[in-house]
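*Asks:* Model the full assembly from the supplied sequences, consistent with the hints where possible.
Quick note, the sequences are listed as chains G and F, same order. Taking our numbering, the leading residue of the first sequence gets 11, the next gets one more, and so forth. Taking our numbering, the leading residue of the second sequence gets 11, the next gets one more, and so forth.
Derived by calculation from the structure, the hints in this document are not laboratory data. Hints may contain errors.
Identical copies look the same in the list; a pair holds intra-copy or inter-copy alike.
List time: in silico DSBU-like cross-link candidates among lysine-lysine, alpha-carbon distance up to 30 Å [as the list claims (entries may be wrong)]:
no.: 1; residue 1: Lys317; residue 2: Lys160
no.: 2; residue 1: Lys160; residue 2: Lys234
no.: 3; residue 1: Lys95; residue 2: Lys344
no.: 4; residue 1: Lys529; residue 2: Lys60
no.: 5; residue 1: Lys40; residue 2: Lys486
no.: 6; residue 1: Lys473; residue 2: Lys395
no.: 7; residue 1: Lys168; residue 2: Lys95
no.: 8; residue 1: Lys77; residue 2: Lys528
no.: 9; residue 1: Lys333; residue 2: Lys44
no.: 10; residue 1: Lys262; residue 2: Lys168
no.: 11; residue 1: Lys60; residue 2: Lys486
no.: 12; residue 1: Lys160; residue 2: Lys272
no.: 13; residue 1: Lys344; residue 2: Lys333
no.: 14; residue 1: Lys402; residue 2: Lys455
no.: 15; residue 1: Lys428; residue 2: Lys486
no.: 16; residue 1: Lys160; residue 2: Lys275
no.: 17; residue 1: Lys160; residue 2: Lys200
no.: 18; residue 1: Lys40; residue 2: Lys473
no.: 19; residue 1: Lys262; residue 2: Lys200
no.: 20; residue 1: Lys473; residue 2: Lys486
no.: 21; residue 1: Lys234; residue 2: Lys200
no.: 22; residue 1: Lys529; residue 2: Lys455
no.: 23; residue 1: Lys234; residue 2: Lys262
Number of protein chains: 2
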Amino acid sequence: MLKIYDTTLRDGSQQEGISYSTEDKINITKQLDKLGVNYIEGGWPGSNPKDIEYFKRVQDLELKNAKVTAFGSTRRANLTPHEDKNLNAILDSGVEVATIFGKAWNLHVTDALETSLEENLRMVESSVSYLKEEGLEVHFDAEHFFDGYKADADYALKVLQAAQRGGADSLVLCDTNGGSMPFEIRSIIKQIESQLTTPLGIHAHNDSDVAVANSLIAVESGVKQIQGTLNGYGERCGNANLSSIIPNLKLKYNYNLEIDDKQLKYLTEVSRYASEVANLTPPTHQPYVGDSAFAHKGGIHVSAILKEPETYEHIEPELVGNKRNVLVSELSGKSNLIYKAEELGIKLNQETTDLRQVLEQIKELEHQGYHFEGAEASFELLIAKATGTYNKLFELEGVRIITEKRGELAPVSEATIKVRIDGQRVHTAAEGNGPVNALDSALRKALVRFYPCLKEIHLIDYKVRVLDGNDGTEAKVRVLIESGDGHNTWGTVGASTNIIEASWQALVDSIEYGVRLKKQ
Amino acid sequence: MLKIYDTTLRDGSQQEGISYSTEDKINITKQLDKLGVNYIEGGWPGSNPKDIEYFKRVQDLELKNAKVTAFGSTRRANLTPHEDKNLNAILDSGVEVATIFGKAWNLHVTDALETSLEENLRMVESSVSYLKEEGLEVHFDAEHFFDGYKADADYALKVLQAAQRGGADSLVLCDTNGGSMPFEIRSIIKQIESQLTTPLGIHAHNDSDVAVANSLIAVESGVKQIQGTLNGYGERCGNANLSSIIPNLKLKYNYNLEIDDKQLKYLTEVSRYASEVANLTPPTHQPYVGDSAFAHKGGIHVSAILKEPETYEHIEPELVGNKRNVLVSELSGKSNLIYKAEELGIKLNQETTDLRQVLEQIKELEHQGYHFEGAEASFELLIAKATGTYNKLFELEGVRIITEKRGELAPVSEATIKVRIDGQRVHTAAEGNGPVNALDSALRKALVRFYPCLKEIHLIDYKVRVLDGNDGTEAKVRVLIESGDGHNTWGTVGASTNIIEASWQALVDSIEYGVRLKKQ
Chain G
11 MLKIYDTTLR DGSQQEGISY STEDKINITK QLDKLGVNYI EGGWPGSNPK
61 DIEYFKRVQD LELKNAKVTA FGSTRRANLT PHEDKNLNAI LDSGVEVATI
111 FGKAWNLHVT DALETSLEEN LRMVESSVSY LKEEGLEVHF DAEHFFDGYK
161 ADADYALKVL QAAQRGGADS LVLCDTNGGS MPFEIRSIIK QIESQLTTPL
211 GIHAHNDSDV AVANSLIAVE SGVKQIQGTL NGYGERCGNA NLSSIIPNLK
261 LKYNYNLEID DKQLKYLTEV SRYASEVANL TPPTHQPYVG DSAFAHKGGI
311 HVSAILKEPE TYEHIEPELV GNKRNVLVSE LSGKSNLIYK AEELGIKLNQ
361 ETTDLRQVLE QIKELEHQGY HFEGAEASFE LLIAKATGTY NKLFELEGVR
411 IITEKRGELA PVSEATIKVR IDGQRVHTAA EGNGPVNALD SALRKALVRF
461 YPCLKEIHLI DYKVRVLDGN DGTEAKVRVL IESGDGHNTW GTVGASTNII
511 EASWQALVDS IEYGVRLKKQ
Chain F
11 MLKIYDTTLR DGSQQEGISY STEDKINITK QLDKLGVNYI EGGWPGSNPK
61 DIEYFKRVQD LELKNAKVTA FGSTRRANLT PHEDKNLNAI LDSGVEVATI
111 FGKAWNLHVT DALETSLEEN LRMVESSVSY LKEEGLEVHF DAEHFFDGYK
161 ADADYALKVL QAAQRGGADS LVLCDTNGGS MPFEIRSIIK QIESQLTTPL
211 GIHAHNDSDV AVANSLIAVE SGVKQIQGTL NGYGERCGNA NLSSIIPNLK
261 LKYNYNLEID DKQLKYLTEV SRYASEVANL TPPTHQPYVG DSAFAHKGGI
311 HVSAILKEPE TYEHIEPELV GNKRNVLVSE LSGKSNLIYK AEELGIKLNQ
361 ETTDLRQVLE QIKELEHQGY HFEGAEASFE LLIAKATGTY NKLFELEGVR
411 IITEKRGELA PVSEATIKVR IDGQRVHTAA EGNGPVNALD SALRKALVRF
461 YPCLKEIHLI DYKVRVLDGN DGTEAKVRVL IESGDGHNTW GTVGASTNII
511 EASWQALVDS IEYGVRLKKQ
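*Replies:* Structural data, given as structure tokens:
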């Protein structure tokens, strides 16, 4: 059976901007286990205290599918393995599986390690056998294998053979610089496989934009273990993307994986979880798991897909836990609008609603910078206004926000607000961490007496996007707010050249939608 | 010779969020011509007035390398080609090359087109021959070819043969839904190529994350034309990425392209231009042309690369017009800092500068949310402060920004500022489009009398990123500002939970750096 080996927590976290806490790593471990990968490379116990803590805590998890592995390098030159701090740190970490990497490129041995080619072979063999003797399952990552093979095929093969002599359970061929083409992967694996008895693995990087294909072609060539990361995270251009490789192997190749059909449905959720925890926006256009992977825009297109999904979808989105996404945009036809409204549980009465007018309004608002993808609550309020089911919560008389900075001190923001509700006037004020936070606090303070359910409604996420950078600080901004009440979450949008105005629109929609939900 | 066919302006602009104006399209056409692609698919003259205007204007360009092509569909069922509005729109557009698409999947013919399989073959043949008789070079895009071939190989082949009988100059095999695997592309092309005499092309989509590999494998299988888009733009998961395919073909396959070595150096610039115009952030991690494609983070890693670049770089970044990017980050060692400083023309005296202290400070600031990648001016000011070459331009006594909104009206923002310069006090005020713009205007107004060069310094780009969405409107934000003086551009950064404070830091750095530049 093919083995899926995830290294999101180790090689993936080399990506700029990713910095997982121990808690994050534990949570991702649980998610990966739920998905059903075979191995989770948890970290490098020799390198930092955070990873040591992770390996301590991970022992208390009751994992159902995955084995956690510790990463490290072969011993240093001219030491015995017993004297090597890193190898002993792996043993101390308490794992049952270790993955150690060694140099497979002669240039790296002489120039980076600064040792002899022979000593490197001894380092590989003795490091593997040391861990094997201690009872571990041991994978050997042959770093720079493909570049090494191109430079000196004989030596690169000798490195693999040294690991094999040491007793390695698998020999993982790494395209560390990501420069190899699919035809090279195929041809090199073909040349070596008959000379080795140990199962092979592949570890590809995406510098040439073919890491997924290189991994698949390695599998076609007989490799039994595929290493990669969720969302293709990793340094430079990333690692081979398991979020694409797994569904390709299951759904296109029909290969037998530990991951069953039910687990495959977790793929989108687990992939997005890894990006949320990393505080990175999930790439919308990502194959299989992206928000746009099954998005349909054009009107004719949408009519076709409602008749016969396979005409424009290569797989059923539900197989990987994703969903079809019919976009409401300036390119939309009436069929998108009706589909979208129905998805939101609104039955549009085509006789009483002027669909053309709603479409025109959406077109005009999108032109101004609004975006209803991800802001379905604002879209629903728009429909409510068009169908006469909208109730205004309050009248704004005025709001003023002051931010004051004295010398080198941090600034202070304060908002005052005057609103009219049910004939009564409320005039209040609040401070905040920045002008938008002050505005938010003052608005809630003014309304909560009339709408007590606001106590449960809170903001989950606040995003600002500058739409047209070329105008500097005068640029138009779009604000997207995600809110929740403990049961539901909803997104709202605002757009303006003034960030306060854009935030105001999204805040008011957020509150109006939340109160509307409670009343239903 | 292999032909590169770019469809950024047509299929690429289907991507969510992309909306090119006619002016944008003309500018991208010039860029693509400079890069040396063979064909530029400019648009769909039958579909909208913007595209008609484009084809009118493009005739005045003196293109050196590329031919502009017009896109359209085969004639409608049961009409003659002469009666078909779309085909005539192509002729009216004044192009010398047309690309028309027809259905190659039986399901689409019967269910989407709602015509007979035989009529579809006649539509393909007569549409191609009509345009050929009018003297055009004609490419035929066989839509859904691979899915069609899997469903009914015989019929899919008949569609290609109909286009060939019509006199098509090439038959382009489209993987419209992006679901095909590399092995399928290879095997299907192998099955058909002996039965056709017309050159083949490939048009791949990235729904399975293998569009680049599918295009390369099609070339290995004998295809002569590769269609794709800059940065892989396109609907859902995008089209085959020419920004990766071109360098792979040139540098890895050593294929002969019209694009010469000198033109290849434009690749990064042209790719980034297309994203700037589309108002999309260029994906940092994109192979070959991304900012991180040749980024190096770890300290040991950087020392190795300075000794021997090929150890960690699959190609020389300069070949595609990109550059090595040594990151200054919490993972940095001293070698990164020295390299970076030298890149900025600062010779760090290791005896008088406390490098460890500067590194600690960077680490602390990055922890707070600063990011010096893309903000090299702020980095340089930091070094200047550490080496004692920094001059403060002014002392801030206080600044106050008021945003006021009355009823449904748009808000008004005003800033007042009090600073001390050379013992003099300046107290002034300005209005702006939003609080940050008001702050920017007031600050410049206060300083310009003392530093007249500020008249030439302007903001080019202003970006806000919410760093930790989970705190709602209290979240920490990072502001990146790009400024210019007509000769140079520079980036500065600020971070705070208060957007005003973060903007203030980046604005002050921007002005201080600009004045510093003028004095040098």
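*Asks:* So, for every hint listed, does it hold in this structure?
*Replies:* So, going through the hints one by one against the coordinates:
1. Lys317 to Lys160: Between copies only: 21 Å across, 52 Å inside.
2. Lys160 to Lys234: both (23 Å within a copy, 28 Å between copies)
3. Lys95 to Lys344: Only across copies: Lys95 and Lys344 sit 24 Å apart there, 67 Å inside one copy, limit 30 Å.
4. Lys529 to Lys60: Result: close neither inside a copy nor across copies, 47 Å intra and 46 Å inter.
5. Lys40 to Lys486: Cα proximity of Lys40 and Lys486: across copies only (28 Å, versus 41 Å in one copy).
6. Lys473 to Lys395: within (25 Å within a copy, 33 Å between copies)
7. Lys168 to Lys95: For Lys168 and Lys95, the Cα distance is within 30 Å only inside one copy (26 Å; across copies 68 Å).
8. Lys77 to Lys528: neither (45 Å within a copy, 60 Å between copies)
9. Lys333 to Lys44: within (20 Å within a copy, 41 Å between copies)
10. Lys262 to Lys168: between (35 Å within a copy, 26 Å between copies)
11. Lys60 to Lys486: between (42 Å within a copy, 24 Å between copies)
12. Lys160 to Lys272: Answer is between; shortest inter-copy Cα gap is 27 Å, intra-copy 42 Å.
13. Lys344 to Lys333: within (21 Å within a copy, 48 Å between copies)
14. Lys402 to Lys455: Classified as within; 17 Å inside a copy, 42 Å across copies.
15. Lys428 to Lys486: both (27 Å within a copy, 28 Å between copies)
16. Lys160 to Lys275: between (40 Å within a copy, 26 Å between copies)
17. Lys160 to Lys200: both (14 Å within a copy, 29 Å between copies)
18. Lys40 to Lys473: Result: close within a single copy only, 28 Å intra versus 35 Å inter.
19. Lys262 to Lys200: Both. Shortest intra-copy (23 Å) and inter-copy (20 Å) distances satisfy the 30 Å Cα cut-off.
20. Lys473 to Lys486: both (14 Å within a copy, 11 Å between copies)
21. Lys234 to Lys200: both (14 Å within a copy, 28 Å between copies)
22. Lys529 to Lys455: within (20 Å within a copy, 51 Å between copies)
23. Lys234 to Lys262: both (17 Å within a copy, 27 Å between copies)
Violated hints for the displayed structure, listed by number in ascending order: 4, 8.
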